[in-house]
Each structure stands twice: as C-alpha cells, then as structure tokens.
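Q: Sequence:
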Amino acid sequence: MDRQRRARRIYRAMLAAFPPTFRRAFGRDMAEVFCARLSDEGRTAVQRGRIWAEAMADVAVHAPREWVRAVGQGTRVLLREGTTMEGWIQDLRIGIRGLARRPGFTGAAAGTLALGIGAVVALFSVVDSVLLTPLPYPDSDRLVVVWKVNQERGSRGSSVDHPDVRAWQEAHPDFLVAGYAGTRPTLTGLGDPEVVEGVRVTNGLLEVFGVSPALGRDLTAADDVPDGPRPVVVSWSFWQGRLGANPDVLGTSLTLGGQPWEIVGVAPRSFDFPDDVDLWLPRRHDVEGCGHGCNIMNAVGRLPADATLESVVARLRPVDARLAEEHPDSHRDVVIDLQSMHEYLVEDVEAAMWILLAAVSMVLLIACANVANLMMVRGSERTGEMAVRAALGAGRVRLGRQLLAEALVLAGAAAAVGLVLAAWGVSVLSSMAPSELPRMGEVGLDGRTVLFTVALAGAVAVVFGMLPARQAVRTSLMASLGSAGRTGGRRGGGRSRGLLLAGEVALSLTLLLGAGLLFRTLQEMRSVDLGFDAAHVERFRLSTPDSRYDTEGALALFDDLERRIGALPGVAAVGHGFGMPFASGSISTSTSFPDRPPVDPADQPDTVLRTASPGLLDALGMRLVAGRWIEASDRHGETPVAVINETAARTYFPEGDAIGRPIELSVSWGFAEEPPRRVVGVVADVRTRSPTLPDEPTVYVPNAQLGADVAFVTIRRAPGAPSVIPAAREVLAALDPEIAITSVEQVADAVARAGAPTRFYLTLLSIFSALALLLAAVGLYGVVAFAVSRRAREIGIRRALGARSRDVTGMAMRQGLGPAAAGVGLGLVGAWFTSRALESMLFGVPPYDLPTLAAVTALLLAVVALATALPARRASRIAPAEALRDE
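Taking the numbering used here, the leading residue of the sequence shown gets 1096, the next gets one more, and so forth.
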C-alpha cells in the first residue's frame, strides 16, 4: 500500500506540471482527458506507460519547447519524490566500500570494461574528427567541389578547363569559385636544389575558403594572365621553416624552375589546401595553348549565404547550354554539378568508419555481458546479504538502486582508465592509418571525447547493471533466507546468464566473419596479376625547368641519364616514362581512327596516354603480347608509332587485327601534333591505380616523339643488388646540379600502399575479433566454472551413486554449450547483415562466402569447446567425500 500511495503521489505531482503544457498544445479538454486516463486506478503500470508515451510524443511534435520545460519539471518532481541525492551518495559510498573488499572481482570487471571503453573512445575520436567535425574553415558547410557530368555517357569527372572557371565566375559573381592544378617546381637559392609542392590557381582561392593572408595579399585575376608578373603566396610552414619567419619577406624573390618569383603573401596557419602544399602560384593561363576541353584543373567553390547546391547549379545551367552550343566538341551534353566538400572528402571512407565503430561497439557489448555475468554471479553469492537488507526494511527499488550504484562506480573507474587507453589508442591509430584516410592529423582527445566517454560510462552502467539489479529485486525474501546463498539464485538468473553468453557468441561470430572476409580480400588482392613485376624495382621523378631546357634538351638529358644509370653496377634495366603504375600523374586523350568513318568528336572514346622509353618494358617487367615494343629509332621526325594494351586492342579492334592500324590522339606535349600513329605492338594490361581496378584502354607513345619534360625514371636492380638511387643522384648532379629528384620509392612499396586501407580495416577488425573471442571464452569458462562450484554437492552425490566421469563432464559442458549453440545460430543470422555491410570493401570474395563462414564458425566452436571443457574436466574429478563434507 505504501508503494501504491507513493506512486499516486508521484503521478499527481507530475500531472500538476503537464496539464498547462497540454492546454497550450491541444486545449483544456484534451488535458483533462489525459489526466483522467492516467489517474484511473484500474489501469496497470504498462497501460499508464503507454498512455504517457503517446501523450509525450504528441506534445513533442506540437509544442517542443513546452515539452522540454514540462519534462524538466516532471523529472525534478520524480527525483524529489522517488529518492534523494543523499540516498544516491550513500549508495555510492556503500558500493565503493563493497567493491574495495573484493579487489579481484573489481579489477577483473573494471579492466574488462576499460578495455572496451578505451577501444570505443579511441575509434570514436577518429570518427568524430573525420566524419562529424566540420572542416576547419569559416562556414565550411558552404564549401563545395565542382564536377562536370556527361549526361549522355552517365559519367562524372572532377577535371575542368580554365575557360569554364572564368565563365562560372562571370555568370554568378556571388558564387566564389577557383580552379587549381598541382605543380612541383624546383627551388634553388636556399641550399641544395629541392622539389617543392605547389599549386597553380586561378584567383581568390583563400577567399573561397573564407580566410585572409597572414601577410600580404591573395592572388588576383590580374596575376592570371600569360607572360604576366610572377607572384607567389607561400604557406605558413614554409615561411616559418625555410624563410625563418622573416617579417619583411614580402617583395623578396624565390627562384623556382630557374626563374624569379616575388613573394606577395603568406597564407594563414590554418590554411592547408590541398594537403601539404608549400606554394600557390598563378595559373598564368594561355587560352590559345590550353583552352576549351583542356581539362587539367580541379575547382572548388563557396555557396552564397542564402543559396543551396540546387539553386547555384540551376543558375549555372544556362552557361552549360551556351558552352555546349559554342564548343560542341568538348561541352556537348556536359553540365556542372556540385557536391559538399566534406562529403567529397569522406565519401570513400565513411561506410568503413561506421562499420569499424559498430564492430568495436560489439566488443564493448561483449565486455558488458561478461561484467553483467560476473555481477549476477556475485549477486547469487550475496543472496543472504540481500535477504538481511530486505528484512531490515529495504524495498526492491532500494536494493536495485544499490546494485546500480555499484555499476556506476565500476563504469566510472573503467571510463577513467579507458580514457588513458584511448589516448594511447589514438596515437596507434594515427600511425597505422593509410594516407587515404582524410583529416587524421586532426584526431585527438578533446572536450567532445570526454563528454562522449562520460555518456558512454553511464550507458554501460545501465547495460550491465540492469540484469543483476533485476535479478536481486525479484528474489523473494523467504527464498533468499531459506537458500542461505546455497543455490546460486533462481533459475531466472541462469536463463539471464545463458542469454548473455549466447549474445557474446553471436557477436563474436559476426566480428570473426568480417575479419575473415577482409583477410580473403587481401589474399585476392595479392594474387592479382598486375601485368608487371615490382620486385627489385625503384624509381624517382624528374622534371626539367622550362627556363633552361627546350623539348630537345629535355629529351637529351633523359637519354643521357638513362644511359649512364644503365652502366652502373647492379642495374639490370632502366627506362623512363610518364603515367607509371601506382604513381601520380596521368593523361587522358580522345582517340579516332582514320581508316573508319568519322564520328562526332564528343563520341570519340577516351584513352589513357602513357609516355615510354625503349628500356621501360624490361625495367617494369611488362609482357609483350604481339608485335614489337618502342625502339631507339622511334624519334621525332620518324614514323609516329604507338603500342596499345590488350584492353585497347579488344575495345578498338574487336576483329583482332590491331598491328599496323592507324590511330590518332588528341594530345600533344612538347612537339606539335603528329599525324596518325601506326600501332606496332600490343602489351599485357597493367593495373596502375589499384589491384582491384582493371586497366583502361591505354596507348604507349615514345617519349622521343611526344616530348614530355617530366618522367619517372624506373630502375630494375639485379637480385641482391643494393639501391642504385644514391649513385643515380650523383649521375644527375654531374649532368645538372640544379635539378632535384623527388618521389623516390620502391615500386613494391607503392603497390603495397594501394592495399593499405584494406590492411588497416583488416588489422582493426582482427584485433576486435580476437578481443571478442577472448572475452566470450572467458565468459563461458566463468559461467561453467560457477555452475560447477554451485553444483558441487549434486555432483558429489552423483559420483557416490556411480556416475561416470564422462557423464559428469557432459553435464557440466552442457551449461556452456547450450547457450553457445544458440549464439552460433544467432551469429549466422547476424553474419548475413555483416557480409552485406562489408560488400563495398570486398574484392574477389562473395559477401556470404561459405568457406570463410565455415572456417570462422569452426574456430569459434573450437574455442567454445575448450572454454567449457576445462571447468567440466575439473568437475569430473570432484571427490564425493570432499563435496559432501564441504556441504
């Protein structure tokens, strides 16, 4: 009766708070109906809860501000009527003392939770920085990336031409847009020659990002003219490190590519776009040399304050129509599209990040289940204590609150240790993360992370504290006093422990399958035929400055360097070219065939263009399929030739006769446009960007006929020979000491980097799976061991009556194998969803791969059998006399 009167008092107090809210939201009549329905003594607690929930949902929709105010007032009433802060403080003190008396239990429980909380917080820090935190620029939600969409082909590309950017700027002045393209000039005059990272931009790039220079000015439209001035804006780090933070740096010069460039500005410390750039230079664009259709830039923009993506696109579509009419060869069926910059940066990793966070959350759930089992076991041992408390007047709510207070203490201690583990985990994740993962430099523990940890600790306390509290308050006083702690609680406690174990096993199987699928994916990636041999191959990038080398001079330098490096000890082959496998830089060209009827220029197929020297075939270990490779006689002035890959041969010459056929390309480099080339050979396809992406139609052109002034020099060493790069540097210094090389790397390392994201995800999922499997095994072992200890008297009697050891072992193992079998069944269902979620990350493996599923299930069952067999074997050795004497 006291409990009923107390409940009615709480209802009346809360009703006094809510009718004004209802009257304002729905009117007096509705409020009175609500009060009458809720106060009806004939309704059960479940019915009242349903009425309350429905009413709260209605008020939240129609009067959200009033709802928040009323909920706050009702909560204060509930706290005042239901309990007191002094009571909670007392419970927390009792909980701390009780846990201090059981250091083994406390250490095991808090350590298990700390491991799970630390892993979740560390990964949440990555997800928060990469996916949830806005970009570090003012109003970053208005920053966009510009795309050009070919509506006829259904393709989308980020490359734009310079006239496009100018047309957009003129048509919509409020839409700030800037084009940019990478450049790597050689810096001299500040020590040894050095290749620096730079960007050629149109104008107003800093304005687009909403920042102002720390010193000087931004680049303007007046700088972006052919043969105009040579201004440069330097980065904050370049100014600090290379220029000594000189406050008088404005007006001084840098020698880039052999020419003086005047420093007109220093970018602010916070500005770093694109990543790790030292210099921003004007495009100094010549429309005659690279106009419409010369898509060699990317573009970024800033939406006006009152505009949306759709409104800006709609305003620029007339520009698309005009360009398509004036320049049909390059702009027919091509329209502009915009995408949020934040979405663009994270779209390739977003799904994987959420999957990893879900996976580590499963580990935390398993940890919670283990601690809940521990607390229920401890609660079973405390039935006598709880009975005494109840006999002295403690109600069920009071007993449950005491156990929840202990759970809060454990979760708080675990959260404190988890934060320390998370700080270490963040540094490990940052060092492991592949370069493709954006914004990893911003990852760290901050106020948001601490708040998340506090909220997580509270949620964890509720998750693992509710079941033990429920078990304690549902145990009757007479049963508790009668058992004297002998039986280990009611059967409900055993069912709860079984459900928790089944959940642990199911989550473990789900994680194991994810790790298994990614492992198979990595195996498939490593077994792919790349079309070349990366072993014992190294390379570097070389670019000749326009101020000192014309086309013929650049080719002479490449040839001389290649010849001298080829004569070095340990060199098996050497060649050079542009558009190399797993390297930066590529060229796309449209292709036509003079021996066929002409087609519309917009319908001409796109082809990848790569330059090559005669030695590149052997240096890369490529395979010649038909015809011949490029030869030393294939030079400018001789018959233009080309070698195509197998994909191009199948695509462009399906009849199977490619050798000797003419092919015409739309791109020229240092030399003027050549007449149609003759196909002289076919090589095997080469995967150039990723082992998972097949090669595109590709044409190899002799660099001696194209005249490129930049190339990757590729060197194949003899097996066992040391690196040739130091000697190659000396050779280059003897030829031209003012040229620096860059991008020095082993080609095998470049190939390995392509699989870095998959390895990263696999490593994390493997760690999570191992933790889950270990925790599940410990949970099973603990439950079976506890069951054996509680049934020692029964086992002793069975042994005394003639039960065999294997019968006792089987009886004990069934305590764990039953829940484990149910967990495997649930895990197989969850595995289907896991495999579907991972589908976009897989290669060469079906989402529901039966061999992988069978292997991980067998591994899980083996661990389950071992975890249950050890305590079961101990049960079979219990001596009847000792068990009965102890009882």
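Since the hints were derived computationally from the structure, they do not count as laboratory data. Certain hints may be false.
[Unchecked claim] Derived lysine to any residue pairs resembling SDA-like cross-links, with alpha carbons at most 20 Å apart:
no.: 1; residue 1: Lys1243; residue 2: Gly1202
no.: 2; residue 1: Lys1243; residue 2: Ala1262
no.: 3; residue 1: Lys1243; residue 2: Asp1701
no.: 4; residue 1: Lys1243; residue 2: Ile1391
no.: 5; residue 1: Lys1243; residue 2: Gln1264
no.: 6; residue 1: Lys1243; residue 2: Gly1507
no.: 7; residue 1: Lys1243; residue 2: Thr1952
no.: 8; residue 1: Lys1243; residue 2: Leu1404
no.: 9; residue 1: Lys1243; residue 2: Leu1503
no.: 10; residue 1: Lys1243; residue 2: Pro1529
Q: State for each hint whether it applies.
A: Quick rundown of the hints versus the structure:
no. : hint              : in the structure
1   : Lys1243 / Gly1202 : violated, 59 Å
2   : Lys1243 / Ala1262 : holds, 14 Å
3   : Lys1243 / Asp1701 : holds, 15 Å
4   : Lys1243 / Ile1391 : holds, 13 Å
5   : Lys1243 / Gln1264 : holds, 16 Å
6   : Lys1243 / Gly1507 : violated, 53 Å
7   : Lys1243 / Thr1952 : violated, 48 Å
8   : Lys1243 / Leu1404 : holds, 14 Å
9   : Lys1243 / Leu1503 : violated, 55 Å
10  : Lys1243 / Pro1529 : violated, 29 Å
Consistency with the previously given hints fails for numbers 1, 6, 7, 9 and 10, ordered from lowest to highest.
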